[in-house]
Amino acid sequence: MKLTDGNDSFYALENTQKLPDSILSGKTFYFLGSSVTYGAGAMAEGMGDFIAKRNGCVCIKEAVSSTTLANISENSYVARLERYVNSKDRVEHLDAFICQLSTNDRSRKDSFGVITADEVKNLTELDNTTTFGAIEYIIALCKKTWNCPIVFYTGTYFESDTYEIMISALKQIAKKWNVEVLDLFYDKAFNAISKEMYDLYMLDPVHPKRAGYRDWWVPAFEDCLKDLLSE
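Be aware that the sequence shown starts at 1, since it is given in this note's numbering, and climbs by one per residue.
None of these hints come from the bench; they were simulated from the model.
Among the clues, some could well be false.
[Claimed, not checked] The list that follows gives simulated cross-link-like pairs (lysine-lysine, DSBU-like), each with its CA atoms no further than 35 angstroms apart:
| # | residue 1 | residue 2 |
| --- | --- | --- |
| 1 | 143 | 175 |
| 2 | 27 | 53 |
| 3 | 171 | 144 |
| 4 | 176 | 88 |
| 5 | 171 | 188 |
| 6 | 18 | 61 |
| 7 | 18 | 109 |
| 8 | 143 | 176 |
| 9 | 88 | 195 |
| 10 | 175 | 226 |
| 11 | 109 | 144 |
| 12 | 171 | 109 |
| 13 | 195 | 61 |
[Unchecked claim] Listed next, with one range per pair, are the computed distances between beta-carbon atoms:
| # | residue 1 | residue 2 | range |
| --- | --- | --- | --- |
| 14 | 90 | 124 | 20 to 26 angstroms |
| 15 | 109 | 229 | 33 to 39 angstroms |
| 16 | 88 | 215 | 36 to 42 angstroms |
| 17 | 186 | 129 | 26 to 32 angstroms |
| 18 | 186 | 89 | 16 to 22 angstroms |
| 19 | 93 | 199 | 17 to 23 angstroms |
| 20 | 188 | 90 | 38 to 44 angstroms |
| 21 | 196 | 9 | 18 to 24 angstroms |
| 22 | 203 | 83 | 26 to 32 angstroms |
| 23 | 88 | 205 | 35 to 41 angstroms |
| 24 | 215 | 158 | 18 to 24 angstroms |
| 25 | 8 | 65 | 21 to 27 angstroms |
| 26 | 158 | 20 | 32 to 38 angstroms |
Predicted model only: the values in this text are computed from it and were never measured.
For every residue, glycine included, the Cβ atom is placed at its ideal position computed from N, Cα and C.
I would like the entire structure built from these sequences, with the hints used as guidance.
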């Protein structure tokens with residue numbers, strides 16, 4: 001059977017099989033993001049949902065579509081993370097924190113802000129109303145709260161000069177704070193798929209379908225998390 005609809009029930013979370021003997025089993029991961037983390041193009045089934053099902057782990061999904069890293073609304077990445085950190089539901093241990101480099105911030109180039117000097121690490125010194133300041137603030141807050149491995153991830157390749165600026169800044173910030181970047185955008189081998197497969201996997205240049213998460217993105221996330229846990 002040739003499936004041309006990447007959101008067919010064949011690819012659904014409920015029909016996804018558990019991997020045997022996964023080293024991610026029993027671990028707890030936190031996913032912070034917007035529509036891509038949520039699974040807006042995949043019937044609300046995002047990568048965290050598939051990772052949890054495939055590996056027998058817990059994936060906390062804090063995702064709201066159309067939100068920004070920059071703390072400019074009550075549903076920004078920063079605002080939602082702060083609410084969770086200060087809530088009674090907060091877990092005391094995370095095996096890794098995974099954050100989406102939001103494509104929604106790319107329309108706010110004038111508010112990208114600056115990358116602070118290497119010695120600037122205090123939360124109060126970081127301007128979380130800017131995109132780059134929010135990235136640093138999220139890292140600092142996670143280190144203070146959980147002191148766990150941190151991964152920021154990009155989307156797969158699509159044409160956007162401003163998103164490329166964001167990725168470049170993210171990599172500088174990651175080096176400063178010693179955190180990981182799962183760069184799907186510039187991974188030429190990862191993006192080297194046929195048009196037929198791309199159409200199966202992606203709803204549009206930004207949002208994967210169920211098949212795109214399950215069979216394309218999720219294995220890359222699993223490899224990244226396995227490498228983190230083996231360090």
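(request) Quick one: which hint numbers does this structure break? Sort them smallest to largest. (result) 7, 9, 18, 19
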